[in-house]
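Enquirer: Next come the chains, spelled out residue by residue.
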Amino acid sequence: MEKVMTINRPPEDFAQFKQDFADTYHIEAMMPTATTGKTTPTQEIRNEWDAWHALKERLIACAGNVQFGQAPNGRGTEVRVSFPYSAPGGMVGSMVAKILDKSPEQWITEDLRHFKEMMEAGEIATITGQPVGSK
Amino acid sequence: MKAICWYGAHDMRVENVPDPKILNPHDAIVKITLTAICGSDLHCYDGYIPGFEKGDIIGHEFMGEVVEVGKEVTKLKKGDRVVVPFPIACGKCFYCQKGLWSLCDNSNPNAAVAEMMYGYSAAGLYGYSHIYGGYAGGQAQYARVPFADVGPIKIPEELTDEQVLFLSDIFPTGYQAAESCDIQKGDIVAVWGCGPVGQFAIKSAYLLGAERVIAIDRIPERLNLAKEKGNADVINYEQADVVETLRAMTGGRGPDGCIDGVGLEAHGKTIDAMFDKVEQTLRMESDRPTALRQAIQACRKGGVLSIAGVYGGLIDKFNLGAAFAKGLIFRMGQTHVHNYLRPLLERIQHGEIDPSFIITHRMGLEEAPHGYEIFKNKQDNCIKVVLKP
Chain E
1 MEKVMTINRP PEDFAQFKQD FADTYHIEAM MPTATTGKTT PTQEIRNEWD
51 AWHALKERLI ACAGNVQFGQ APNGRGTEVR VSFPYSAPGG MVGSMVAKIL
101 DKSPEQWITE DLRHFKEMME AGEIATITGQ PVGSK
Chain D
1 MKAICWYGAH DMRVENVPDP KILNPHDAIV KITLTAICGS DLHCYDGYIP
51 GFEKGDIIGH EFMGEVVEVG KEVTKLKKGD RVVVPFPIAC GKCFYCQKGL
101 WSLCDNSNPN AAVAEMMYGY SAAGLYGYSH IYGGYAGGQA QYARVPFADV
151 GPIKIPEELT DEQVLFLSDI FPTGYQAAES CDIQKGDIVA VWGCGPVGQF
201 AIKSAYLLGA ERVIAIDRIP ERLNLAKEKG NADVINYEQA DVVETLRAMT
251 GGRGPDGCID GVGLEAHGKT IDAMFDKVEQ TLRMESDRPT ALRQAIQACR
301 KGGVLSIAGV YGGLIDKFNL GAAFAKGLIF RMGQTHVHNY LRPLLERIQH
351 GEIDPSFIIT HRMGLEEAPH GYEIFKNKQD NCIKVVLKP
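First to last, the sequence lines map onto chains E and D. Here the first sequence stands for residues 1 to 135, where the numbers follow this note's numbering. Here the second sequence stands for residues 1 to 389, where the numbers follow this note's numbering.
One thing to keep in mind: the hints can contain errors.
Calculated from the model, a selection of chain E residues having no Cβ within reach of chain D, i.e. all distances over 10 angstroms [to be verified]:
#1 6
#2 12
#3 19
#4 21
#5 27
#6 44
#7 53
#8 64
#9 68
#10 78
#11 84
#12 106
#13 123
#14 132
#15 133
Label-pair ranges, simulated between beta-carbon atoms [unchecked claim]:
#16 E/135 x D/370: 37 to 43 angstroms
#17 D/211 x E/47: 51 to 57 angstroms
#18 D/327 x E/74: 31 to 37 angstroms
What the hints contain is simulated information worked out from the structure, not anything from laboratory work. As the structure is a computational prediction, the values presented were derived from the model and not from experiment. Don't be surprised by glycine CBs; every beta carbon is placed ideally from N, CA and C.
Here chain E stands alone, though its shape is the one from the complex (with noise of 0.2 angstroms):
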């Protein structure tokens, strides 16, 4: 399965993430269990490398991968990720969506989503904790 954003900043930006997630990869690939299930969905993002360590960190646990591309005519870079298909009969997949209520496609589209937010924005946009009349 596969997920694309383009995010609207230069190529030359996600260089330090590119480099981060070979590393890590490789790290992995000594050590498989290393981080596997270290993922917290809930985890604070408070700026780009936590949100990028959202996303890296559930990709790794999905087994999947990440490609930065430039997008045409100076519209940004495309942030493509890929990861196995998890059907929900699956470990992963079942395992993930009984504790978190998510599917992996989900949880992945909203770590991207998030990365982007941040690299763009600044900020991810939320509703947690504004007012509300009774329920």
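For this one, chain E is given, so just place chain D on it according to the hints.
Expert: Leaving out everything else, chain D in the frame of chain E:
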């Protein structure tokens, strides 16, 4: 604080709720000095906009005084008097940078839901359901304003709240609708709907150089306002065949630009309007496009259909064949308000227009439920209700 909260169709309540807080570093908190009920709020009032939850604070036309700013806000400070545009925009994504503010990529926390419905998510909006982000609205004493450096415009002291409040939505909406018609010298523009947006579309069409504006409605006081304050020629669609009357009034050509200022709750007596009413009641069709169909039929060949009225779902019996045969250009969407704040404020300052002309009812915030009722039912000659918190 007090706020107007949605509790179901025709059930708006005045509730005591916590004051809003800074949630993100680019937020500001505004103490609201004036707000209004929009015609598009009536679609929420009537239960046609999905994605509301009981207790949601409604309202998206508001202004006031900045009382607190987040740590990344640099252009606003405590005490500034601002009007807040109704789409929430980050200023940094592709769409914002192209001036397509109501299509912002980064301001809808429920983007996944909007994507499922519409393919891609547009900007978050104040007080307009969780499909558009679920943001608490501005029919309240205070509001949290995200991306405060991007949206709000500071207002000079010499202008009253009533003169500038409508910069938040309906004046730019009418203006964008008219601008979308690409008005040339000699053009005649027809406007369906003489509610507040229609009234501003009429004024704006003349500001943009229309030769003549023809306004269509059925409510006498709205037609009168269009004629007396808008200098429009008027058609009462309950008394005339709109398409044929427009043909006669335009030398047989049809209007060059047609503005739909009505949206999804159109009325009519034609057979298609009757079908719409039945289908909408049975939930077989979510929107009633009577005005839109008429505009398509009436528009001259190669003309522009400019849709300012809100649509949310699916329509039936859409005369796409007529639109195709005549090569019509369709332009539509939520207003890119940010583009119009400064130029329209200047027009107000220069005395070219006083937007307060459309206000018919002024009341306190706590009277909002009554305001909704008279606005919805067009009672007491109601055209526009403003609310003072």
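Enquirer: Would you mind marking each hint as holding or not holding in the structure?
Expert: Hint by hint, here is what the structure shows:
| no. | hint | verdict |
| --- | --- | --- |
| 1 | 6 | violated, 7 angstroms |
| 2 | 12 | holds, 17 angstroms |
| 3 | 19 | holds, 24 angstroms |
| 4 | 21 | holds, 23 angstroms |
| 5 | 27 | holds, 32 angstroms |
| 6 | 44 | holds, 12 angstroms |
| 7 | 53 | holds, 19 angstroms |
| 8 | 64 | holds, 19 angstroms |
| 9 | 68 | holds, 17 angstroms |
| 10 | 78 | holds, 12 angstroms |
| 11 | 84 | holds, 21 angstroms |
| 12 | 106 | violated, 7 angstroms |
| 13 | 123 | violated, 4 angstroms |
| 14 | 132 | violated, 5 angstroms |
| 15 | 133 | violated, 3 angstroms |
| 16 | E/135 x D/370: 37 to 43 angstroms | violated, 24 angstroms |
| 17 | D/211 x E/47: 51 to 57 angstroms | holds, 56 angstroms |
| 18 | D/327 x E/74: 31 to 37 angstroms | holds, 33 angstroms |
Of the numbered hints given earlier, the model fails hints 1, 12, 13, 14, 15 and 16; all others are met.
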